[in-house]
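Enquirer: Hey, can you work out the whole structure from these sequences and the hints?
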Amino acid sequence: MTGRHGRPDAPENGTPSGRRIVKMSATTQRPGVRAGRPVAGRGQTSGRPVVARPVDHGDAETERHYASAWLRPEQIARDAADADAETDVAGTAFGAYGSDRGPDRRDQDRRDQDRGDPEPEPEPAEPEADPGWLLGDEPPAPGGDALTEALPQGREERPRRRLLWPGIAVLLVVVLAGGVFFARDLLPIVFPPDYDGPGTGRVVVEVSGGSSTREIGEQLVAEDVVASARSFGDAAEDNPNGRGIQPGFYELRRQMSSAGAVEALLDPATRVGRLEIRSGVQLDDTVGAGDSTVPGVLSLISRATCTVDDAGAERCASVADLRAAMADTDPAELGVPSWALDGVRRAEPARRLEGLLAPGTVDLAPGIGAREALEQVVRASVPRLEATGLVQEAEARGVPPYDALIVASLAEREGVAADFGKVAQVIYNRLAVPMRLQFDSTVNYPLDRQTLLTSPFDRARPGPYNTYLNLGLTPTPIGAVSPEALAAALEPTPGPWVYFVKCQTDGISCFAVAPEEHDANRRLAQERGVY
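Everything in the sequence shown is counted per the working numbering, starting at 1 for the first residue and increasing by one.
You may find that some hints are simply not true.
Straight-line C-alpha distance at most 20 Å; calculated SDA-like pairs for lysine to any residue [as the list claims (entries may be wrong)]: (1) Lys422 to Ala525; (2) Lys422 to Arg436; (3) Lys422 to Pro349; (4) Lys422 to Gln504; (5) Lys422 to Ile277; (6) Lys422 to Pro483; (7) Lys422 to Arg522; (8) Lys422 to Ala487; (9) Lys422 to Ser279.
If you are wondering where the hints come from, they were derived from the structure by calculation, not from laboratory data.
Expert: This is the structure we're talking about:
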């Protein structure tokens, strides 16, 4: 193979024999080349600069091979025409990087290299074209020159500055979304809304048993009583009695302040629909001492059903409506238990639920109807009666549970709690004789009176509740029965007594077996001013 200028002594790799080759180290640049800078001159092809990359390949052969690989054949021929006739292949190759030096300068360079003097660094030439494509601004167009295609091509990358504005836009969207979330969800938590003032109108709200403060607040929000459950909870925490809200119905106003709502729920005056039955009270109103009237259970139920609309008009289930519902509705539909059905159906319709409405409290929804109110009270009372063991204990004694309930009501009206057991025993003893009970309380019951005394005329008046005339128990209980009286009827105090009379001012009775002893107790009571 001949050399570039056709000299037969050129080896195949382009290096002439007898010529000294300068070995490039990692710290020694090629003549006319500056690391990382484009070099103008003959090394440029098609207007694009060539960047010299000083890489130490370890030997002169490799350096020469890489240097010659940067040149296209046409360029080599053009360089050869301009160079000195005696320039060899190696000189030509290095002349691509520094061909403007004259022969004298090249001889001087060789002498300087022999002496070990460092090469002077040439002035870099200005690039003929914008080298920005090498910095990544634009990728080289396909189909370029061979030199460009021979260069290592990295992965095509977009400039990072082009990703700046989309990133800023995404960040702004995230910030705005977070602001919306804070305004919509966090602000009501940090600063819960609250109404100002006492509110307007009327609304009835039910507080269920076992409700937490949060649940009460949520219910008030649903009824537009308060603005938020959080503000109500804060107001309840600030009130020293805030945790004392009781179950029931309350008449409140719409759009109240949370603090005002808490105070209203703690005020007994705002509570509505509350029915409280006391022991000894009968269905109808009764005349007490003097001209006083004791409201009966039906009147109490009627009052509990009352409601007032926004115009101030009151609506209630009347006592007449309650009596009609009691008389016209089958007792089983009202919730009367099976152990009391026979006795209830035999009784006078207007009095058939007497004694089955147990003492205690019941919360009735204001505005409820008469039939619904009666059923609710009966169904709330029966479990209270049965919780005393009424059914099991009565059957164990051989007494029908309904009869035991009647005995308990008679003991309740005839004596004080300390004497309930003895009075119940007197009843059982007289029934066993058999002997008339002769209780003034049973005579006064249909007369709706609570006095202890009766007149001869009253005692002679016939009727199912006149125990002076009739043997046995009354058709129904004669009042609401307390748990203490019911316990005494189920387990009376053992004794042979068949007579008793109140003989002390505190209501305690004196008990006797013989009629003579009973007459002595009556005289003692008169002396003490009991009656």
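Enquirer: Could you run down the list of hints and mark each one as holding or not?
Expert: Results of checking the hints against the structure:
In summary, the hint linking Lys422 to Ala525 is supported, as the alpha carbons are separated by about 18 Å, within the 20 Å threshold. At most 20 Å may separate the alpha-carbon atoms for a hinted pair to count; Lys422 and Arg436 meet this at roughly 17 Å. For the hint pairing Lys422 with Pro349, the CA-to-CA distance comes to about 32 Å; that exceeds 20 Å, so the pair is violated. The hinted pair formed by Lys422 and Gln504 meets the criterion: a straight-line CA distance of about 16 Å does not exceed 20 Å.
For the hint linking Lys422 to Ile277, the alpha-carbon distance of about 25 Å lies beyond 20 Å, and the restraint is violated. Taking the CA atoms of Lys422 and Pro483, the gap is about 16 Å. The hint holds against a cut of 20 Å. Only pairs whose Cα atoms come within 20 Å are accepted, and Lys422 paired with Arg522 is accepted, the gap being roughly 17 Å. For the suggested pair Lys422 and Ala487, the alpha carbons sit about 12 Å apart, so the restraint of at most 20 Å is met.
For the hint pairing Lys422 with Ser279, the CA-to-CA distance comes to about 19 Å; that is within 20 Å, so the pair holds.
Hint violations for this structure: numbers 3 and 5, all remaining hints satisfied.
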